[in-house]
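Protein chains: 2
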Amino acid sequence: MTEVPDAWYNPLPDLGFALPPDLPPPRRGPRLELNVPAALVRQEMSRRRWLPIPDEVRRRYGQWRPTPLRRAHEFERMLGTRCRIYCKYEGGNLSGSHKLNTAVAQAYYYRRAGAARLTVGTGAGQWGTAVAAACAMFGLGCRVYMVRSSYLDKPYRRTIMELLGAAVVPSPSAETESGRRAAGGAAEPGGSLSIALAEAVEAAAEPGVHFCAGSGETYSLLHQTVIGLEARAQLEDLGDPPDVLVASLGGGSNLGGLALPFLGAMLRGGRPVRCVSVEPTACPKLTRGRYAYDFTEASGRGPLQKMYTLGHGFAPPAIHAGGLRYHGTAKLISALYHRRLIEAVAHPQRAVFETAVAFAAAEGVLPAPESAHAVHGAAVEARRADAEGRSCCILVGVSGHGLLDLAAYQAYRDDTMLDATASDERIAEALAGLPEQPPEADTA
Amino acid sequence: MTEVPDAWYNPLPDLGFALPPDLPPPRRGPRLELNVPAALVRQEMSRRRWLPIPDEVRRRYGQWRPTPLRRAHEFERMLGTRCRIYCKYEGGNLSGSHKLNTAVAQAYYYRRAGAARLTVGTGAGQWGTAVAAACAMFGLGCRVYMVRSSYLDKPYRRTIMELLGAAVVPSPSAETESGRRAAGGAAEPGGSLSIALAEAVEAAAEPGVHFCAGSGETYSLLHQTVIGLEARAQLEDLGDPPDVLVASLGGGSNLGGLALPFLGAMLRGGRPVRCVSVEPTACPKLTRGRYAYDFTEASGRGPLQKMYTLGHGFAPPAIHAGGLRYHGTAKLISALYHRRLIEAVAHPQRAVFETAVAFAAAEGVLPAPESAHAVHGAAVEARRADAEGRSCCILVGVSGHGLLDLAAYQAYRDDTMLDATASDERIAEALAGLPEQPPEADTA
Numbered sequence: 001m002t003e004v005p006d007a008w009y010n011p012l013p014d015l016g017f018a019l020p021p022d023l024p025p026p027r028r029g030p031r032l033e034l035n036v037p038a039a040l041v042r043q044e045m046s047r048r049r050w051l052p053i054p055d056e057v058r059r060r061y062g063q064w065r066p067t068p069l070r071r072a073h074e075f076e077r078m079l080g081t082r083c084r085i086y087c088k089y090e091g092g093n094l095s096g097s098h099k100l101n102t103a104v105a106q107a108y109y110y111r112r113a114g115a116a117r118l119t120v121g122t123g124a125g126q127w128g129t130a131v132a133a134a135c136a137m138f139g140l141g142c143r144v145y146m147v148r149s150s151y152l153d154k155p156y157r158r159t160i161m162e163l164l165g166a167a168v169v170p171s172p173s174a175e176t177e178s179g180r181r182a183a184g185g186a187a188e189p190g191g192s193l194s195i196a197l198a199e200a201v202e203a204a205a206e207p208g209v210h211f212c213a214g215s216g217e218t219y220s221l222l223h224q225t226v227i228g229l230e231a232r233a234q235l236e237d238l239g240d241p242p243d244v245l246v247a248s249l250g251g252g253s254n255l256g257g258l259a260l261p262f263l264g265a266m267l268r269g270g271r272p273v274r275c276v277s278v279e280p281t282a283c284p285k286l287t288r289g290r291y292a293y294d295f296t297e298a299s300g301r302g303p304l305q306k307m308y309t310l311g312h313g314f315a316p317p318a319i320h321a322g323g324l325r326y327h328g329t330a331k332l333i334s335a336l337y338h339r340r341l342i343e344a345v346a347h348p349q350r351a352v353f354e355t356a357v358a359f360a361a362a363e364g365v366l367p368a369p370e371s372a373h374a375v376h377g378a379a380v381e382a383r384r385a386d387a388e389g390r391s392c393c394i395l396v397g398v399s400g401h402g403l404l405d406l407a408a409y410q411a412y413r414d415d416t417m418l419d420a421t422a423s424d425e426r427i428a429e430a431l432a433g434l435p436e437q438p439p440e441a442d443t444a
Numbered sequence: 001m002t003e004v005p006d007a008w009y010n011p012l013p014d015l016g017f018a019l020p021p022d023l024p025p026p027r028r029g030p031r032l033e034l035n036v037p038a039a040l041v042r043q044e045m046s047r048r049r050w051l052p053i054p055d056e057v058r059r060r061y062g063q064w065r066p067t068p069l070r071r072a073h074e075f076e077r078m079l080g081t082r083c084r085i086y087c088k089y090e091g092g093n094l095s096g097s098h099k100l101n102t103a104v105a106q107a108y109y110y111r112r113a114g115a116a117r118l119t120v121g122t123g124a125g126q127w128g129t130a131v132a133a134a135c136a137m138f139g140l141g142c143r144v145y146m147v148r149s150s151y152l153d154k155p156y157r158r159t160i161m162e163l164l165g166a167a168v169v170p171s172p173s174a175e176t177e178s179g180r181r182a183a184g185g186a187a188e189p190g191g192s193l194s195i196a197l198a199e200a201v202e203a204a205a206e207p208g209v210h211f212c213a214g215s216g217e218t219y220s221l222l223h224q225t226v227i228g229l230e231a232r233a234q235l236e237d238l239g240d241p242p243d244v245l246v247a248s249l250g251g252g253s254n255l256g257g258l259a260l261p262f263l264g265a266m267l268r269g270g271r272p273v274r275c276v277s278v279e280p281t282a283c284p285k286l287t288r289g290r291y292a293y294d295f296t297e298a299s300g301r302g303p304l305q306k307m308y309t310l311g312h313g314f315a316p317p318a319i320h321a322g323g324l325r326y327h328g329t330a331k332l333i334s335a336l337y338h339r340r341l342i343e344a345v346a347h348p349q350r351a352v353f354e355t356a357v358a359f360a361a362a363e364g365v366l367p368a369p370e371s372a373h374a375v376h377g378a379a380v381e382a383r384r385a386d387a388e389g390r391s392c393c394i395l396v397g398v399s400g401h402g403l404l405d406l407a408a409y410q411a412y413r414d415d416t417m418l419d420a421t422a423s424d425e426r427i428a429e430a431l432a433g434l435p436e437q438p439p440e441a442d443t444a
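Residue numbers (our numbering), protein chains in the order written: chain A, 1 to 444; chain B, 1 to 444.
A hint or two may mislead.
Claimed, not checked - Some chain B residues judged to face chain A by a derived CB distance under 10 angstroms, without partners named: (1) P21; (2) L152; (3) D153; (4) R157; (5) T159; (6) A167; (7) R181; (8) V357; (9) G364; (10) I427; (11) L431; (12) L434; (13) Q437; (14) P439.
To be clear, the hints were calculated from the coordinates, so they are not data collected in a lab.
Ideal Cβ positions, reconstructed from N, Cα and C, are used throughout, including at glycine.
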């Protein structure tokens, strides 16, 4: 029987290459100082393969982990495939997604570093819910700046965060300079994630208050490896190791969490495995972006990271998978893609929902719109294998449930959903806004 | 490791007494004919202790069973109790509650009996969602008559049912005689469960269309015993058998499903266990009702069952736990209560939600308003044991999740929630409307 892992997996010792270093922002002026706890920075720099999970964090993981891995027999039958499809499901916790895996770890380290309250910016609300839940666990205060349009459209997300004791503030707000400036400009009355993030950063200026950066940092990917570690053990118990993994790509923590333990085992001489990243055609950073130094957010005051990006100014068309609308990619995932250790595909929204609805009826699990991309990607893989006369074992990361995204499913049913593929012009324009590439860009 | 049971448990051989027989309706005129499949009737009449679960049903159970049983360490810590509290969680399937356990079995038997489509009446939507999911599994059509006020207030419940392929009709509708009559009268423009049921019954007049009765029938309780059977095995694995079980009472299938396997073992000479039923003070059928022959629904055309009831004309005050607003009690649960094999308590709504919010933050599981009654009941049991200097093992049935009931939690937060206790006058009036008790009423 699979147990909750007692250590996170760090792939760096197995990779055989170093990640391109972050670079200071090219612009003069005050820099973004996030005061990330030293323990998290050390994890990111570590050369040790296994990073012990603190007892208190592991005990919390035990509230919902190990998460189920189940074979999708009925989905296979519906597809008429000869492939075996297994789903690793991360939606069974109160935050509803994989993000709680790192939120719990981050809240633990922030509290140990003396924080009394965390601030966070959130778009659709997944990251905000996860941090609110983690803060409730460790007795930390939590202040969530939520993009105003989501705050109004998704009142139940807000209810959950408030039930967990968090204060939820619609952004732009009158509380911060960034909020007042944005509201005054009225360019985006509904708000945007970068405004919400700027407000959360500003609100963390008081002593004891820390901004909790998000789910795209490398330490966050390491925390997520509990997903892949459990899945490996579960498939080993079943005697059916995977030929291909499929996961959706937002910032990279979901994909990384599932894939890194399998990739690491392969790099250490183990079984070969293909890792397929699925992104929406509305935000195709791996399939149509550039590997370049870029900002992780829009302020221009943070460091530059080498990543696959559509440009930090890229505004993706509106789609229901809000978590996949990020312009960039975690640097670790970017480096793996650059070295062809992972593959990437992009799918349009309607095809994704069509598969997700069929999957829900067949398997009794309603995937989040983000996770639906992975489910669709798995169906495409299965059909291709069938066409080529191969049978294979496919592992899908179902990163969250869609019970708070039913408006999206209703739009699909009402046939008011667009495919919203990013145009060549919009991508070219955003890529033209990339910062001048520093000479270090060539070292990777 | 616990497996999905291969047989349902039937307590009748262990009870040592027979249930009072159903009686024909006293009124003349056409009777309600439900054409329940013979296999289900046979289960209800069976004297065999174990009823094999058909392979096809058991395979479906495998999509979400065995369900998790987890110790609520943080909830215990929060209560400061010396008791151990375990939660058996049934909310992890697409229908979101335990009701899918019997819906799957019923859909299987109806299809085997030649049904092409099932009709069903639903109030808050849980039973409708479960039957819609089960019909999707077995390729049956499904037509759900949903109380109009819920149809309008809970659009996401409707979305899920439609995603599963069901047609959802707001009731009263213009489709049926019952619906037209009710709409014409305009006494209840928002509809009621009894009107929705009457519409569903009428819509089942066509060949191949069957009305799927609901979750309060005895066969439904038997199907739900998978919950208690798994929980027994899981606690046995942990070496910590329960001293007390706590479950909420709607019709009785949730309570029965959890309690019957434990009660049966006790009656066969095993370990003594207390079973506590928790009902809302808005609908206190065990604590303030009468053990009498009554109708299970309002038409007056169905059989009379001996049950604890507030009278079939009882209209409970509005509370958010819609599933606990039923006037009666399954006859098996009623007989057990009559013979003091189970206990009953009633709790008011606000105290229930206060505990549920604390439980959610502590354990990362948001209980449905119905299930919240059980969680609160467990907290009360733990505090009492502490006050008496006892430590005990408490098993709580958490029958469903509250992610589609967040409006109720928001009302609690906004302090607009009332306790809505049923008044003496309202209960006395409804009890006065009980049918004349037949002489057979004394045999039980």
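Structure-based check of all given hints:
no.: 1; hint: P21; result: 37 angstroms, violated
no.: 2; hint: L152; result: 14 angstroms, violated
no.: 3; hint: D153; result: 13 angstroms, violated
no.: 4; hint: R157; result: 9 angstroms, holds
no.: 5; hint: T159; result: 5 angstroms, holds
no.: 6; hint: A167; result: 12 angstroms, violated
no.: 7; hint: R181; result: 31 angstroms, violated
no.: 8; hint: V357; result: 5 angstroms, holds
no.: 9; hint: G364; result: 4 angstroms, holds
no.: 10; hint: I427; result: 33 angstroms, violated
no.: 11; hint: L431; result: 38 angstroms, violated
no.: 12; hint: L434; result: 41 angstroms, violated
no.: 13; hint: Q437; result: 44 angstroms, violated
no.: 14; hint: P439; result: 48 angstroms, violated
Checked against the numbered hints above, the structure breaks hints 1, 2, 3, 6, 7, 10, 11, 12, 13 and 14 and satisfies the rest.
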